[in-house]
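S.K.: Sequence:
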Amino acid sequence: MDEQGSSLKFQMIMQNEATLDRDRALVAFMQARISERAETADKDERRLLVGVDRVLQEFSANFERAVLAERDDYFPGQIDALGWSLRCTAFAAFSEHPDFRMDFKP
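Residues in the sequence shown are numbered consecutively from 48, following the numbering used here.
What the hints contain is simulated information worked out from the structure, not anything from laboratory work.
We treat Cβ as the ideally placed atom computed from N, Cα and C, and that holds for glycine.
One should not assume that every hint holds.
[Said to hold, decoys possible] Taking CB as the label site, the calculated pair distances span:
hint, residue 1, residue 2, range
1, 90, 114, 34 to 40 Å
2, 124, 85, 16 to 22 Å
3, 93, 149, 27 to 33 Å
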């Protein structure tokens with residue numbers, strides 16, 4: 048492998064690690080916000096939180112595996128879409144929270 052190929056491979060590894068770090072933090076952030084809101088939520092908000100939690104659980108169970116999948120596979124795209132929707136939700140609902148990180152922004 049030439050120097051340019053090695054550099055590109057290293058860059059991709061670093062991007063994957065940054066994405067994994069962001070996604071781990073997003074899962075923890077969203078779990079904490081759902082727990083906080085569930086304590087005082089009315090019936091409609093609880094239903095919404097249950098739906099968001101379902102998406103979060105699916106994402107949480109699969110995002111690390113998706114990074115390792117082949118790029119021409121459909122699975123990583125599905126998980127990326129779940130992550131994007133969770134980042135949109137986090138931004139819309141919790142962007143004013145002090146623990147919100149700007150890399151959560153979609």
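S.K.: State for each hint whether it applies.
M.R.: Against the structure, the hints come out as follows:
1. At about 37 Å, the beta-carbon gap between residue 90 and residue 114 stays in the expected band of 34 to 40 Å.
2. Checking the proposed 16 to 22 Å range against residue 124 and residue 85 shows it is violated: the Cβ atoms sit about 31 Å from each other.
3. In this structure, residue 93 and residue 149 meet the distance hint of 27 to 33 Å, their C-beta atoms being roughly 29 Å apart.
Hint 2 from the list above is the single one not met by this structure.
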